[in-house]
Amino acid sequence: MTAPPPDDCLARNDWICGDYLRTRRQILLDAVAQHLQLTVVSVALGLVIAVPLALLARRRRWTAGPVLGITTVIYTIPSLAMFSLLLPVYGLSATLVVVGLALYSLTLLVRNILAGLEGVPAEAREAARGMGYGPMRQLLTVELPLAVPAAMAGLRIATVSAVALTTVGAIVGYGGLGNLIYAGMNSFFKAQVLTASVLCVLIAVVLDLLLLGAERLLTPWRRASRRGRVRSRATTGGTRPAAAVGRRT
1 MTAPPPDDCL ARNDWICGDY LRTRRQILLD AVAQHLQLTV VSVALGLVIA
51 VPLALLARRR RWTAGPVLGI TTVIYTIPSL AMFSLLLPVY GLSATLVVVG
101 LALYSLTLLV RNILAGLEGV PAEAREAARG MGYGPMRQLL TVELPLAVPA
151 AMAGLRIATV SAVALTTVGA IVGYGGLGNL IYAGMNSFFK AQVLTASVLC
201 VLIAVVLDLL LLGAERLLTP WRRASRRGRV RSRATTGGTR PAAAVGRRT
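Residue numbers for the sequence shown follow full-length UniProt numbering, so the first one is 1 and each next one is one higher.
A hint or two may mislead.
[As the list claims (entries may be wrong)] Subject to a maximum C-alpha distance of 25 Å in a straight line, what follows is the list of computed SDA-like cross-link-like pairs (lysine to any residue): (1) LYS190 / LEU21; (2) LYS190 / ILE16; (3) LYS190 / PRO52.
By construction, these hints were calculated from the structure, which means they are not laboratory data.
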């Protein structure tokens with residue numbers, strides 16, 4: 001006779017196991033905290049570097065090609081190769097992972113910030129100059145605020161990408177939830193692999209929603225514009241303009 005399966009989901013090595021969540025709660029919390037720290041710090045560092053690069057490319061048009069080209073080449077470097085190149089400089093440390101992820105974020109951030117700056121209407125710049133705004137004041141109060149939607153789109157993509165790439169840091173011992181995923185894969189620990197993977201997805205979704213909320217807070221004029229269009233449609237009642245009706249008759 002075959003022995004009955006054990007009652008413990010850990011002993012059965014199930015993919016979904018509540019006992020794993022209860023017994024490894026602190027390990028999961030520490031991994032999530034490290035994952036968040038690595039992701040946020042790396043994207044913030046990338047943003048600090050990307051803004052001046054985008055401004056340089058906007059101000060000195062001849063630099064746009066080299067800046068975009070170099071950041072694109074960096075993005076194409078495989079993560080294992082990137083960490084190997086940075087290893088002699090930073091050693092086996094969290095800084096190695098942060099710098100690598102920051103470099104990967106540059107191509108997305110620089111391109112979108114530059115696209116946002118180039119998308120600022122010429123009449124907005126002319127109006128600012130007509131009001132006596134200097135170059136710096138015009139940049140801070142007119143151009144950068146109007147570039148926020150495009151810049152935030154790049155920031156959201158870069159952040160979600162960083163959440164995924166952080167797991168690769170497990171090869172140097174600083175991968176957040178990636179440490180658990182790789183350890184679980186080596187030991188075929190199903191519950192650990194699935195739980196850590198799901199938590200990565202949840203982190204990406206939560207950060208994306210937070211950035212979306214921040215974008216809406218930073219662009220109140222877009223909400224006002226949408227409300228104005230809704231009121232306009234409600235006022236007209238969806239009827240055709242008189243000119244259009246006249247053409248049909």
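Cross-check of the supplied hints:
1. About 13 Å separates the Cα atoms of LYS190 and LEU21, which keeps this hinted pair within 25 Å; it holds.
2. Taking the CA atoms of LYS190 and ILE16, the gap is near 8 Å; set against the 25 Å cutoff, the hint holds.
3. Distance restraint check for LYS190 and PRO52: the Cα-Cα separation of roughly 45 Å exceeds the 25 Å cut-off, and the hinted pair is therefore not satisfied.
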